[in-house]
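Undergrad: Chains A and B, in that order, are what the protein sequence lines are.
The letter at position 91 of the first sequence is residue 91 when you use this note's numbering, and the numbering goes up by one with no holes.
In this note's numbering, each residue carries its 1-based index in the second sequence increased by 114.
Please note that a few of the clues may not be correct.
As the list claims (entries may be wrong) - Partial pick of chain A residues on the chain B-facing surface, computed with a CB cut under 7 Å: (1) 22; (2) 32; (3) 40; (4) 44; (5) 46; (6) 47; (7) 69; (8) 105.
Unchecked claim - If you want the ones that stay clear, here's a sample from chain B, every Cβ over 12 Å from chain A, calculated: (9) 123; (10) 129; (11) 138; (12) 183; (13) 184.
No wet-lab data here; the hints were simulated from the structure.
Here the structure is a predicted model, which means the values were calculated and not measured.
From the three backbone atoms N, C-alpha and C, an ideal C-beta is built for every residue, glycine too.
Take a look at the letters that make up each chain.
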Amino acid sequence: SQTIHQWPATLVQPVGSPLSLECTVEGTSNPNLYWYRQAAGRGLQLLFYSVGIGQISSEVPQNLSASRPQDRQFILSSKKLLLSDSGFYLCAWSLGDRGPYEQYFGPGTRLTVT
Amino acid sequence: AQSVAQPEDQVNVAEGNPLTVKCTYSVSGNPYLFWYVQYPNRGLQFLLKYITGDNLVKGSYGFEAEFNKSQTSFHLKKPSALVSDSALYFCAVRVVDTGRRALTFGSGTRLQVQP
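With these hints in hand, go ahead and build the complete structure from the sequences.
TA: Structural data, given as C-alpha cells:
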C-alpha cells in the first residue's frame, strides 16, 4: 500500500530564515505530487504541483519554491521566510496520468513564522 | 476557470439525524468531483468521488453524495450522523480531459454533531 510522509510535523522559524519541508511517497512510482497551504484551518491553496522529476508548476507567485529531485520526493523551500508564510502545509500525491484519481494527503507541517 | 462553493461555514446536526453538507461547482466541461474530511491538525482524508455513471456515489464511513448536473451540485449526505463525524469537510473539482491535474477545493464546511 502507499504511504506519504511529511516532516517536520511542526516548525517555528524566525522571519528571514530559510525553509525546507520534505515530502516522500512510498509504494507507487511516477506519482503526481502537490504542495498546498491551509491558512486558519480553512481553504486550501495550491502552491505547486509536479508531474515528474524536475517538472514543477507554480500556481501562486510568492517567495516559496519547490523541487523534485527524485521520483517520490518533493521539497518546499524558501530563502527568506515572511510572517505571511505561517500556515499548515500539506503534501499530496495522486496516480500519474490524466485519470480521475483522487489525491492522498500527508499529515501536514505546521509552520509558525515569528 | 473552475470553482467550488460550499455555502455553509458550519452545519449543526443532532446525533442520529440525517446530515447534508452542500457543494456547488462551476466548470467548463465535465467534472470529476470529490469529498474530503479533515480532523484537527491532520491531513485530508478521501471520502468519495464522482466520475461518471450513477449519480449517487457511496463512500467511506457511511457517507454518500448525489451528483446533480442541472443544479451543478454534489451534496454530501449521511442517513444517521455520529458525534465522531464532527470535522471539516471539503468539496473539490477537477475538469475531465484537461492537462490540469490539480484539484480546486471549496472553502470547507465545519460539521458539528451534537450528542
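Undergrad: Each hint should be assessed against the structure and marked as holding or not.
TA: Now the hints, each set against the structure:
no., hint, result
1, 22, "violated (15 Å)"
2, 32, "holds (5 Å)"
3, 40, "violated (10 Å)"
4, 44, "holds (5 Å)"
5, 46, "holds (5 Å)"
6, 47, "violated (10 Å)"
7, 69, "violated (20 Å)"
8, 105, "holds (4 Å)"
9, 123, "violated (9 Å)"
10, 129, "holds (23 Å)"
11, 138, "holds (15 Å)"
12, 183, "holds (16 Å)"
13, 184, "holds (21 Å)"
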